[in-house]
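Asks: The residues making up each chain are set out below.
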Amino acid sequence: MSDNHNSAGGVPTTGHVWDDDLADFVNQPPKWWMLGLTASALWVVIYFIMYPAIPLATNGTFFKGIGLPGTGQWTAIKELAEDQKVLDDVRRPFEDKLKTMTPAAILADEELSKYVERSGKVLFSDNCGGCHGQNGVGTEQVGAKFAVREQGLMAPRLNDDDWLYGGKIDDIHATITGGRQGMMTAHKDTLSAQQIDDVSKYVLALSEGRGDSEAAGKKVFMESDCTACHGADAKGIQAMGSANLTDRVWRFDGSIEGIKQTITYGVNSGDANARAAIMPNFTASGKLSAVDMKKLAVYVYKFGGGQKDEAAAPVAAVEAAPAPEAAPAPEAK
Amino acid sequence: MSEPVKEVGSVTGIYSEHEEWSVNLGDKTIHAKRMPGRFRTLKYITESFWLIFFFGAYLRWNGKQALLLDVNNRQFHIFNLTILPQDIWMVSLLLLLLAMTLFAVTSVASRVFCGFFCFQTAWVDLFTWIEEKIEGNPNKRHKLDAAPWNADKILRKVSKHLIWLAIAVFTGISFTIWFEDAFVYWHDLMNFKLSMLEMTTLTAFTLGTYFLAGFMREQACLWLCPYARIQAVMADSQTILPAYDVARGEPRGKLRSGGKVVEQQGDCIDCFQCVQVCPTGVDIRDGQQLGCITCGLCLDACDSVMDKIGKPRGLIRYASLDELEGRPVKKLYQHPRTWVYVVIILLSLGGIIYGLTHLGSMKLSVEPERQPLFVRMSDGSIQNKYTFKVLNKTDKDLYVKVSAEGGVKGQLIVDADKTQLVHHGKAAGFTVFVKAPAENVMGEVTKMQFRVENVENPTMAAEYNSVFRGPKR
Ligand code: SF4
Ligand code: SF4
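Read top to bottom, the protein sequences are chains A and B.
Read in order, the letters of the first sequence correspond to residues 1 to 333 in the numbering used here.
Read in order, the letters of the second sequence correspond to residues 1001 to 1473 in the numbering used here.
Treat the hints as calculated values from the structure; they're not laboratory data.
Check before you lean on any hint, since a few could be wrong.
Stated by the list, open to error - Here are the simulated DSBU-like pairs of lysine-lysine, each with C-alpha atoms no more than 30 Å apart in a straight line:
#: 1; chain 1: A; residue 1: K302; chain 2: B; residue 2: K1140
#: 2; chain 1: A; residue 1: K121; chain 2: B; residue 2: K1389
#: 3; chain 1: A; residue 1: K168; chain 2: B; residue 2: K1140
#: 4; chain 1: B; residue 1: K1435; chain 2: A; residue 2: K302
#: 5; chain 1: B; residue 1: K1418; chain 2: A; residue 2: K99
#: 6; chain 1: B; residue 1: K1363; chain 2: B; residue 2: K1435
#: 7; chain 1: A; residue 1: K308; chain 2: A; residue 2: K99
#: 8; chain 1: B; residue 1: K1426; chain 2: B; residue 2: K1401
#: 9; chain 1: A; residue 1: K235; chain 2: A; residue 2: K201
#: 10; chain 1: A; residue 1: K31; chain 2: B; residue 2: K1140
#: 11; chain 1: A; residue 1: K168; chain 2: A; residue 2: K235
#: 12; chain 1: B; residue 1: K1140; chain 2: A; residue 2: K308
For reference, chain A alone in the conformation it holds in the complex:
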């Protein structure tokens, strides 16, 4: 390798000597390095003002005057607003369309319904999830309210295809905009304990498709006021919101004790042990905008239980249905 012995070259030393001949030169750092250091120090001051580290009275107007981007103007809340604006700009075309469209039309529009499916999650969690549970799985009711059993769904599951008030998109929308109040009288005074027992067994058997095996209960069901609301076929009457007792889905609790409790104390009957079933009126409460409620209707419909409205398929649905041979050439970006 090269012999590259640096000689002192007349550079003075600090005067400290170690190990006989090891001395310390007093060499200046390179000029570029010193310049860099000075510039960095200066930059600290500039940055301190520009940031602004102290909210000076001028609030950075001097730098604003120079026109440096963002100088002296930055605040966390402004940055948030800017980020929010970016999102809003993406959403606006969708949101604008939603304003004038009916829930059915939104549902029929492939693109819009996907948009709603994605963006409805927060809306649902904030406003509906409390009772209906995340993703509409329902929330088990627990507490000391019930004398008989502390069990049952607080609000219906939304991802099955059983709907008290109808599962078509417009029904769901009506439920959200207008609210619902369940109603079932308490039978503890009109039916004997034995009768309640019998009819409970019958109802349970009904859901399992063997209603005729419970003749005693069937007699109670047919002869007392049950059919008035649930119908002679026990399939419920949608206009009243009475439950279909022949299917496998239970609004509150499908165990024999649960059924007995519902029959004994009723729903919203005024009895202290009655089950509560109140869907608030979101129009009246003003908590949700009209667009929000449309979005939620579509969102809930898409949980998997929404029922098709064959008769009134909107024209838009036909147009939106993809035609394989007419694949549109999408834009490059």
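Following the hints, put chain B with the ligands in place on chain A, whose structure we already have.
Replies: Here is chain B with the ligands on its own, set in the frame of chain A:
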């Protein structure tokens, strides 16, 4: 040597070119001499490889840019191929391949990349070529640097820097157009409509080129380049590299007047030609060293000197340490280090070939709903919900249809005949419901496989393994 050296004939005339030489600390500009020769020619050829960098992006293929690294839209286009983020593992294999090729070549023949291919070398070579055209040979350049500023100096310096800057700008443009449509970029550039990012890239690359090739030059190799720092660990005593044959050359000594060779001296006539031509200012006679980018230019220089004094060529030549020190020279295949690199190269190459041949045209992933895992419907059946993501890797929009294999007996895909549009180069997400009679659901988890296929061409399909969930039995 006490005797003053007289300038005699053409051979000793070269002594005057050498002024004062010292270790290159970067405090003065190196003006290397340009000499014709084998390696000089080779270098011009290898450097012209960079023409691809300048002009490759203009290549069109089916009306689109043939080579486009569309980072904005997260896809690479290579002729007909589209590489999406999902296939990016191939890029890491490619990087591995390139790194290992670099290592293998280094272990065999040292810094071939540095001397012949490196952009720093190539651009510096171009810049100094321009410098030579404008300011003259190294001697004149040294004089011009020292001369007071006058009209001539200003004219030469200004025109040199302008040309340098023009090349730098063109370099910046050429870099950027690999990442977006070249013609659109030129159009935007001409209309001053470049975005902030485009402006920044252009400025950074222009300034970077201008300073690195114009001013930093060999200093970038000496103090900046990471490869220069690590290349030594890849070379060993079997690696061939430009080396000065000490045994033959020493004791060096200058020619006597009359151009006579002094008998008891070695072959090196201490003419400093090898140092004059060295672009990094290295004296190769001191042995292989960090500064040497193994460009071979000193071989050309010394060979020409040897020709003049009638000695055989190769006083400086490509030789391994073993050869120079008289040890037996092993064959190339006896170099285990190279083999390790070659094996890694082959593995990564295999991976890339596998990847490219198995790119597929569609990719499917299915995510079963986690909350709730399943839903009991009013008729007692069990319904599962799945989120489908279908990626269309082709350059056409496709309609796909969902089907399933396995799973529960009597299961039904809700709206199975519905087609879904998947735009080219994009992923489409949609929801699929599967319903099955409760009595057939045998356990909490039943395995099933989903398939999506192009409705027009059912061979274009993708599968994904998933499960159907039900209640505990
Ligand atoms: S010593 Fe020779 S091979 Fe090495 S960089 Fe200089 S001219 Fe090139
Ligand atoms: S090695 Fe060759 S080129 Fe270098 S000084 Fe000696 S003779 Fe001249």
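Asks: Against this structure, judge whether each hint is valid.
Replies: Hint by hint, here is what the structure shows:
Between K302 (chain A) and K1140 (chain B), the direct Cα distance comes to roughly 82 Å. Violation of the 30 Å bound is thereby established for this hinted pair. Under the criterion of a C-alpha separation no larger than 30 Å, the hint pairing K121 (chain A) with K1389 (chain B) is consistent with the structure, at around 19 Å. A threshold of 30 Å between alpha carbons decides the hint, and for K168 (chain A) with K1140 (chain B) the separation of about 91 Å lies outside it, so the pair is violated. For a cut-off of 30 Å, the pair hint linking K1435 (chain B) to K302 (chain A) stands: about 15 Å separates their Cα positions.
Simply put, K1418 (chain B) and K99 (chain A) have alpha-carbon atoms about 28 Å apart, close enough for the 30 Å limit, and the pair holds. Note on K1363 (chain B) and K1435 (chain B): the hinted pairing holds, with a Cα-Cα distance of about 24 Å set against a maximum of 30 Å. Between the alpha carbons of K308 (chain A) and K99 (chain A) the distance comes to roughly 23 Å, so the proposed pair stays at or under 30 Å and holds. Between K1426 (chain B) and K1401 (chain B), the direct Cα distance comes to roughly 17 Å. Compliance with the 30 Å bound is thereby established for this hinted pair.
Taking the CA atoms of K235 (chain A) and K201 (chain A), the gap is about 16 Å. The hint holds against a cut of 30 Å. Only pairs whose Cα atoms come within 30 Å are accepted, and K31 (chain A) paired with K1140 (chain B) is accepted, the gap being roughly 29 Å. For a cut-off of 30 Å, the pair hint linking K168 (chain A) to K235 (chain A) stands: about 17 Å separates their Cα positions. Distance hint between K1140 (chain B) and K308 (chain A) is unfulfilled; the C-alpha atoms sit about 90 Å from each other, more than 30 Å.
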